[in-house]
Structure formats: C-alpha cells, structure tokens
Amino acid sequence: MQEAISITPQLTASPIAGILWLIPAAPIVAAGLSALLKQPRRKASATLAIGSLSLSLLFSLVAFGHVVSDWAHGGATREVVNLTWFQSGAVNVDLGWVLDPLSAVMLVMVSFVGLLIFIYSTGYMEHDENYTRFFCFMSLFAGAMLGVVISNSLLLLFICWELVGLTSYLLIGFWYQKPSASAAAKKAFLTTRIGDVFFLLGMVWLFSQTGTLLFYNHGAGSLEPLALAGLLATPAALGLTAAGAIGLLIFAGAAGKSGQFPLHVWLPDAMEGPTPVSALIHAATMVAAGVYLIARVYPLMQAGALTGGSTAALTVVTWVGAFTAVFAALIAVAQNDIKRILAYSTVSQLGYMMAGLGMGGVAVGMFHLLTHAFFKALLFMGAGSVIHGCHGEQDIRKMGGLKVDMPLTCLTYAIGMLALCGFPLLFSGFWSKDGILDAAWHWSVAKSPFYMLVVGALLTAFYMTRQMIYVFGGHWRGNKPAHESPAVMTAPLVILAVFAMLLGVVGTPAWPWFRAFMDGHAAVFELHGFSEPGLLAVMAASTLMVFIGFGLAWNLYVDRSPRPQEPDELERVTPMVWGWLHDKFYVDEFYGVTVIAFYESWARVSDWLDRRVWGGVVAGVAWTFGLWAQLNRFLDNNIVDGSFDKGCDELGVGGGLLSRMQTGRVQTYLRLLALAVVVLAAILIWSSRA
Amino acid sequence: MSLVFYIITALTVAGGLASMVLKNTVHCALALTVAFAGLALFFLNLDAQFAGFVQILVYIGAVAILVVFAILLTKGSETPKGGVFSRTWLAGLAVAAAVFAVLGWAILHTAPMLPGASPAPTATVLQIGQALIGRYVLPLEIVAVLLTAALIGAVIVAMHEKEGTK
Amino acid sequence: MTPLAGYLLVAALLFSIGLAGALTRRNAILVLIGIELMLNAANLNLIAFWRYGPHPEALTGMMFAIFSIAVAAAEAAVGLGLVISIHRHTKTTDLDQMNRMKG
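Residue numbers (our numbering), protein chains in the order written: chain X, 341 to 1030; chain A, 97 to 262; chain D, 366 to 468.
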C-alpha cells in the first residue's frame, strides 16, 4: 500500500529548475526550424531533431542528478517555478513547471528513449521522401511530451496534452495518401477527444472550486492540503465528493489517452503510422501520459482515503485497469499483424499500470511505466527491424525462421519479450509486474483484480510466445528472403535490451530504490524485504502463470508453421472463441452502430439546417438587399437624375425663350423701352388717381 | 379751339403721317419738312415767335437738308425689296398706340386741372438775348461745345477712311 | 377742353406717330426722321406749357425749346453721319438685317 510521501517543497527554485523550460523548448524550436526547411533537407532536419533532443537529455540528466543529490542528502525536494499568464478581472491564470522525483524520472525516460528512437528512425525512414516532415513532427511531439511532464499547472498540462494528441494525429496519418492511415488518424484524434472533454470538465470544476490550476504553489496549489480539504468538503453527485468526481473526470481523459476500455479502439488502428512512431508514441511515451497524469494528480485521487483504504476514484481506476488488462490480452491472442499484437499488448500493460496506481500508489504504477517504456520500445523497434528486413511485410503468418536471418534482432526481441512476460529475476518486467500483483493481493477492497491480473499474465506469456514462434521459429514462409537491419537500427535495440534487463534492479523488494526515491525517504538494502507476508507466494504464482503460458503456446504452435490460408491452431481447437477474439469482441462495430450513426444523423440534420434554414436566411437578407438596391437605383435614375435633368432642361428652355428677346435689332429694343415707359406711366397715373 | 389751330393741326399731323407712311424715302423727308413747317406755325400761334423762326431756320433749313443729303448718300431713293415696313410692324404700331393711349389718358385725366386761356406773354428778342447771355449763359456755352463736338464727330464718323490707317 | 389740353393732345399724337414710324420702318434714316418728329412734339409740349404756364415771363419754356432744337440738330447730324458710315460698311440701311448683336 502507499506509504507516506515526504517530499519537502522548496521555497525558492534552484537555477536548474529555473531553466527547466528549456527541456521542452529545444525540440519545439527544432520543430519550428524544421518546418521552415524545404523537403529534401534530410540531414538538416535529422540533425536538428537529434541535436535538440540530446540537449534536452543532457539537461534532464542534470536535473535528475540534482534531484537525486537532494534526495541523498536527506529528503526529496520539489521545486516549482510559477508565472502568471494573464489576469481576467480578479482571477489569475497561472502556468508553471515543477521539478520533483516524478518529473525528473519521466524527463530522463522520455528524452532517452526518444533519442534512441530518433537515431533508429534515421535508418528506418531513409527511403521515405517525407523525411523532413517526419522529424519536424517527431521533434514537436518530443517537446510537447516533455512539456506535459514538467508542467505544474493543469492548464499547461492540458495545452501540451492537446499538442501531443495533435502530433499523434499528424504522425499516425503520416502516409496520408493511404485512406486507412488518415481514417486511423481521425479515429485516434476523435476518441481521445472524447476523453479530453471530460478532462476539460474536471479542469474547469477544479478551477472553480479551488481558484487555481497550479498543482503546487507553496500551499495555495490545488493538490495541496488546503485545497484538497475544501474539495473533500464539497459533495457532488452519487455520493462522491468533489475531489472524487474531479478525479474521475480527469481519469476519463487519461483513459482516452492511455487506451483504457472503452476508449481503447484507436490504439490498434494507430499502427498505420510508421514503426518509430508506434514505438515512441504508442508504446513508451504518449500512452504513458495518461498514467503520468493520474500519478501527478494522485493527491487528488487519494484525497479522503483512510490509512490502508481506498477512495472511490482509485477503485474505479483499478477496476477499469484490471478489466482492460485482461480484455486486451484476450484480443492479442488472435491477431496476425505483428504490430497489432504489440498494440493490444500495450493496451493490456497500460491496464496493469492503472491498476497498479489504483492499488499500490504512484511508485508501483510508475515503475511499471518505466520498465514498460524500455521493453515496449525495444519490442516495437524490433518489430520495425523485422518489417524492414521482410521488405514491408507485417503479417506474422508470412514470416518465420528469422532467428537464422536476423540473429541480433531475434536476440534483442527475445529479451524484450521475456521482460514483457515477466520472466523471473533477470528481467525488469518481472519486478515491476510483481510489484503490481503484490499490491493487488493486499488490496483492501476486493481480490478479483488480483485474479484478473494473474490471468492477464498467463495470456501475455501465451500470445508473446505465439508471436515469437510465428516470427522467428519454424521456416521462412515469405516470398523474398529476409535480411538483417543496418547497425543504426540494431544499436538502439541493444541499448534498450540492456536497460530492459538491468532496470529491474532499482525496484526489487530487497532494495526498493525507486519507491524510496519517489516517496522521498531513504532507500535501504535489506534482504528481509523479501520476507514480507505473501510476497514470495505472489512471486511464485506469477512465475507459474508465465510458465503455463509458455507451455500452452509452445504445445500449440511449435513445429507447425502454418501457411496464411490455413487456420490458426487455436482456431482449429475453438473456432467460436477464436472468432470473438479475432474480431476484437466487436467493439468497433458496436460503436459504428451507436455512436457514429448518431453523429452521422446529427451531421445530416446540421447540414440541412445550415443549407436550408441559415442559408435561406442569408439568401433572404441578400434578396432584400438586392431589392433595396434596385429601388435605390430606380429612385436615383428616374427621380433624382430625372428631376435634375428636367430642371436643367427647363433652364435651357427658359434661356432659349429669354434669348429671343435679344434679336440684335434696334427697333426691338426701342419697342421694349417704349413698352416699359407705358407701363411705368400707367402705374404713376393710376396711383395718382386720388 | 380756334379754326387756325385745327388747320395747323391737320397740316402737321398729315405731314407727320405722310413722312412715316410713304414708300419713297425722299417723299418722307419732304413730308417731314411740311411737318416742321406746321410746327413752326404752331409756335407762332403760341406767341413763341423766336422759337418758330428758330424752328424754320434750324429744322427746315438744316436738319431737313441734312436728312435729304443722307438719303441721297445712302441710296435711299431706291425702294427696298422686302417692303418698307419691318416684318413685325404690328408690334411696333401696337406699342406706339399704347403710348398714345397712356399719354392721352394722362392728359384727359388731368384736363380739369390744366390752366385755361391766359394773356399772351411777351418774349422780345432783346429779352431772349439778355436771357441767353445772363441767366442761360452756361447752357449756351455748353451747347456751343456740344455743337462743336457734334460737328467734329459727325465729320469723323462719316469720313472716308484712308487705306493705310486700317 | 382747354387750349393747353388741345396742344398737349396734338403733341401726344405727333409723338405717337413719330414713335410708330421709328418702330416700324426699315430704313434707318426713317427711324431718325421719326425721332426728329418725336423731339418736335416734345418741343411743342414745352412751348405750350410755357404759353399757358404760370410764369411765361421767365422764358424758361422758350429757352428750353431753343436749346432742344439746337441739340436736336446736333444729334441729327451725328446720327446721320453714323448711318452713312454704316451704309458704307454694310451697303444697306435695312434695320431688319442689322442683327449682329443677336443672342
């Protein structure tokens, strides 16, 4: 169970924390510069991307070292740097970043794995003509992900979260000319969007309740005791407190991003993107963002829990995670695309992480995230190497016998696979998964998640063994012969393999360095850590499950090497079960009938409204204006101009008339004179007739 | 009104009418002379003997001659082609009739107020001479200047222009 | 009717005749003749008023008429000179044709 965390907040930030913003900024700047380049500038864009991420890695290591040294000298520290973005009336909207064990670990993991994948991509994407665009987007993604990791404000996290989603969309649909790719990108974006709506709701609620979006702000942050007490005191619907409700809303956002049931549908389709994209985004980092988010807001999720107990929010997280773990593992058993198996495996492992967070606390979940990042990236890159070597083939039924043609890939892939399955002692996956199982065994609410996770472990071993046998065992079933990948692709595989094995060391019960680091107290090497109640039993149980899984798969598949047109072994044994598993429990079809049909009808209604009603209004307004213009023209032409012209004509006529007086003849003038005299005289005489 | 008055009236009016109506311009000038003579008789009838003789001397002796000379110099003796009266002679006649009507109306309107017969005044030449040099010396001198100017002006206006000056 | 009124009427008649002629005849010289007739009528008016007026011994009317005769003579001279000059330029004395100032 979660032990007490003792991380001391610092009042003033160290210089390292002050420049922490450079870590995400460098790749984003590289992306910006890359966007300005013209397409064929391959070397420049790759150099920018790798260079900027190396810089980020360097800074991350410095920050990590700083945090570790602080921790070693007595107590982990948390340093924050907060800025006010803008003010609206009396309300401040703040952004900031935080440097504590959680963010330091994530920084190093993201930048290290990212850098390895970048180097790998220079080999994998060599023959692609959109090389520059690829590295631009990858840099943007790396910068955004690093931004998610360091942010101290839920708003800044959300901004970077959305940016991560955007780059995921851009990269899944990298080969946008393929209709399936662009459809998959849209699906990913929309599905995560649904989760993000809930996230936004939770964010707004949190802001309105606590008045701040900062996590830590020297006592005034939303994750600090004062704010949490306030949230706990406020009741929300269905017997939840505001803390629980907000926690569930934020979990909905995390569920979208991390592919929990029912928002998992986008992740397998996201395999349409290039393999480095799958490795980085959909195995190691972006999908981990959801888990990271829950870990970051863990005080909120955990608020109100009695010692040894759990909260409503964490219970929901656990159940969803456990269900997803089993669900996805079942589907993975019946897939034939090498990347799709790994995708469902990722979904399953994310379920494990969520369950670990729910039952065991931040350290348990985060440890599995860390180990998973390394071995899943390794597995994806290995799959990429296999695809590259098989000239673009992705169907495992058309591969085989690659342990002879691609030995290095086979070896590193095997290491990754054993780590994933949780092969005892030597591999990191064993320690991290066992941490979760141990927490599940001791969970106070129910025991079912434990059994679900154990079944999941069995299934994981089963489908990974099946995949290994199909791809590397048997004999080659493809058309052209396969070849090993170049060094620039296999070198990162080797590095990751080493980490996949050795990383377990920091998480063993004998020396729980990772947990101690995350929780802020000293790490002690004590062998009797193994003698905690039930620990050895759990370890034995999980090992047993793993071997059962190996055995079943071995029994079914070894030495069979079926061709693509022949049915799978499992299919021959249980055709109906196979059908359900192969068709992913018909979740996509269900969505198509309900949600998508609903939206399509709404779209039709909206279109009709827009065209007929609003369009009609606009047309009507335009028509009245036209009418008015016509009226104006009529008035202007006929009345204004007409009257003016008429006046001028009359003037002309009058002038003509008057000019007739000027005959030029003397006698005319004389006559007029005489006439005038007559008139005057008449007037005079008349007036004097008194 | 005595018979003499009517005879003289008839003569003068006839002469005037004739001068305005006759076609031949020379006949008109001669009729004008008759009218002048009639007017002289009027002056004599009105006991303005000096004015009458001046009338004969100046008008008949000079102006009439002048008119005849002008007629002769402008080939007025030939009858013009379009008729002697202007195209719009009726309007002119109407205006003249209106003038006469107004004047007649004025005269008849004030007829009762006009003074009646009175004894004849004496206006000897000596008195006229003395008046000219005495009371009316300024008008005399001005008329002299006027006559000189008119004379010179008339000469200049009617003079043949030399070829080189224009 | 008093004698004065008779003379005035005659003068008015002469004046109107002269005016009628001046306004209707084509020949410029006949217009001048008409004008002379009008002047003469005015002179008759003056003398008549002198004879039947209040102070005949002041000779005002007489003087006025004499000066009028003199001026009329001068004016006739100038006018006729002008007519001759015009005739020299336009070869006609027809007033109907002298409308250069038309408009």
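Any given hint might turn out to be false.
Within a straight-line C-alpha distance of at most 20 Å, the following computed EDC-like cross-link-like pairs (lysine to aspartate or glutamate) qualify [what the hints assert, rightly or not]: (1) A:K119 with D:E440; (2) X:K383 with X:E469; (3) D:K456 with A:E237; (4) A:K119 with D:D461; (5) X:K738 with X:E909; (6) A:K171 with D:E422.
Calculated from the structure, these hints are not laboratory results.
(request) For the pair we were handed, K171 (chain A) and E422 (chain D), check the Cα-Cα distance against 20 Å. (result) Violated. K171 (chain A) to E422 (chain D) sits at ~47 Å, over the 20 Å cutoff.
(message) Check whether the Cα positions of K119 (chain A) and D461 (chain D) lie no farther apart than 20 Å.
(response) 16 Å, holds
(request) Compare the distance between the alpha carbons of K383 (chain X) and E469 (chain X) with 20 Å, and conclude whether the hinted pair is satisfied. (result) Satisfied, since the Cα-Cα distance of roughly 13 Å is no more than 20 Å.
(message) Need the status of pair K119 (chain A), E440 (chain D): alpha-carbon distance at most 20 Å?
(response) 25 Å, violated
(request) Would you check the hint for K456 (chain D) and E237 (chain A), treating anything up to 20 Å between C-alpha atoms as holding? (result) 38 Å, violated
(message) Checking one constraint from the list: CA of K738 (chain X) to CA of E909 (chain X), max 20 Å. Satisfied?
(response) Holds. K738 (chain X) to E909 (chain X) sits at ~15 Å (cutoff 20 Å).
The structure shown violates the earlier hints numbered 1, 3, 6.
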